[in-house]
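Q: For reference, each letter of the sequence shown is one residue, going 101 to 300 in the working numbering.
No wet-lab data here; the hints were simulated from the structure.
Heads up, some of the hints might be wrong.
What the hints assert, rightly or not - Each computed EDC-like pair below joins lysine to aspartate or glutamate, with the alpha-carbon atoms no more than 16 Å apart:
| # | residue 1 | residue 2 |
| --- | --- | --- |
| 1 | LYS275 | GLU294 |
| 2 | LYS249 | ASP277 |
| 3 | LYS224 | GLU294 |
| 4 | LYS181 | GLU218 |
| 5 | LYS241 | ASP296 |
| 6 | LYS275 | GLU201 |
| 7 | LYS267 | GLU246 |
| 8 | LYS275 | GLU246 |
| 9 | LYS184 | GLU218 |
| 10 | LYS293 | ASP277 |
| 11 | LYS224 | GLU165 |
| 12 | LYS153 | GLU188 |
| 13 | LYS249 | GLU201 |
| 14 | LYS275 | GLU180 |
| 15 | LYS184 | GLU209 |
| 16 | LYS247 | ASP296 |
| 17 | LYS260 | GLU221 |
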Amino acid sequence: MKKTKKQRVKTIVFMCIFSATLIALYFYIRTRTVPFPMESVSSMSETERLLAKDITKNYPSSPREVLKLYSRITKCLYNEKLTKEQTEQLANQLRQLFDEELLQNNPTENYLSDLNVEITEYRKANRSIMNYVIENSDSIKYWDKEKQKYASSVMSFTTKEKNDYSKIFEEFLFKQDQDNNWKILGWKLTDKKEIDVSEK
101 MKKTKKQRVK
111 TIVFMCIFSA
121 TLIALYFYIR
131 TRTVPFPMES
141 VSSMSETERL
151 LAKDITKNYP
161 SSPREVLKLY
171 SRITKCLYNE
181 KLTKEQTEQL
191 ANQLRQLFDE
201 ELLQNNPTEN
211 YLSDLNVEIT
221 EYRKANRSIM
231 NYVIENSDSI
241 KYWDKEKQKY
251 ASSVMSFTTK
261 EKNDYSKIFE
271 EFLFKQDQDN
281 NWKILGWKLT
291 DKKEIDVSEK
């Protein structure tokens, strides 16, 4: 009988300690400020961040934001040493910013082939994209035509080839799709020499 009581006491003590440990662990997790080890966004490379981005669910809200993402992806494609798979994945991310008409005129296979040729030429010429500048939101032009909304915006790319720097200005044309997303319809070189980037 005495042995049974001792066993019961031991069991009760064990359960109390176990319960206290669980409660302490629960509050530790709840109040913990340092996250458990995992790859954070800040530790990811630009390539990884762009590949992880869900453009469909988080589509850029304006033509200017579309150009920001377009420029980030373009800079990554031309500057970084990527695997074939990464190049194709980034190209597909870029194509999500394109209007249906532009996609039809540039089938995926042809687009990837042309892109790889351009990237190879960039590498051979020891050329790289240094930075990009997009004109401010107030400078973007909007208009309607045949119940369709359009917009245009100018941006510049600064490239470096060996020790020489050059700046290219391009004008982008946008078309708003049925989901009210601004899609790139096309772009062309422009003779513009400067753009207003200051946001009011």
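Q: For a C-alpha distance cap of 16 Å, please report whether LYS275 and GLU201 respect it.
A: 10 Å, holds
Q: Are LYS249 and GLU201 close enough, with their CA atoms no more than 16 Å apart?
A: 15 Å, holds
Q: Please work out if LYS224 and GLU294 have their alpha carbons no farther apart than 16 Å.
A: 29 Å, violated
Q: For the pair we were handed, LYS184 and GLU209, check the Cα-Cα distance against 16 Å.
A: 13 Å, holds
Q: Sort out whether GLU246 lies within 16 Å of LYS275, counting only the CA atoms.
A: Given pair LYS275, GLU246 holds - Cα atoms ~12 Å apart, limit 16 Å.
Q: Please work out if LYS247 and ASP296 have their alpha carbons no farther apart than 16 Å.
A: 29 Å, violated
Q: Are the Cα positions of LYS184 and GLU218 separated by 16 Å at most?
A: 14 Å, holds
Q: Within a Cα-Cα threshold of 16 Å, do LYS181 and GLU218 meet the stated pairing?
A: 14 Å, holds
Q: So if I understand the rule, the pair passes when the alpha-carbon distance is 16 Å or less; does LYS267 with GLU246 pass?
A: Outside the cut-off at roughly 35 Å; violated.
Q: Holds or violated: are the alpha carbons of LYS275 and GLU180 at most 16 Å from each other?
A: Violated. LYS275 to GLU180 sits at ~30 Å, over the 16 Å cutoff.
Q: Would you mind confirming whether the straight-line C-alpha gap from LYS260 to GLU221 stays at or under 16 Å?
A: 14 Å, holds
Q: Assess, step by step, whether the Cα of LYS224 is no farther than 16 Å from the Cα of GLU165, and give holds or violated.
A: 31 Å, violated
When each numbered hint is compared with the structure, violations occur for hints 1, 3, 7, 10, 11, 14, 16.
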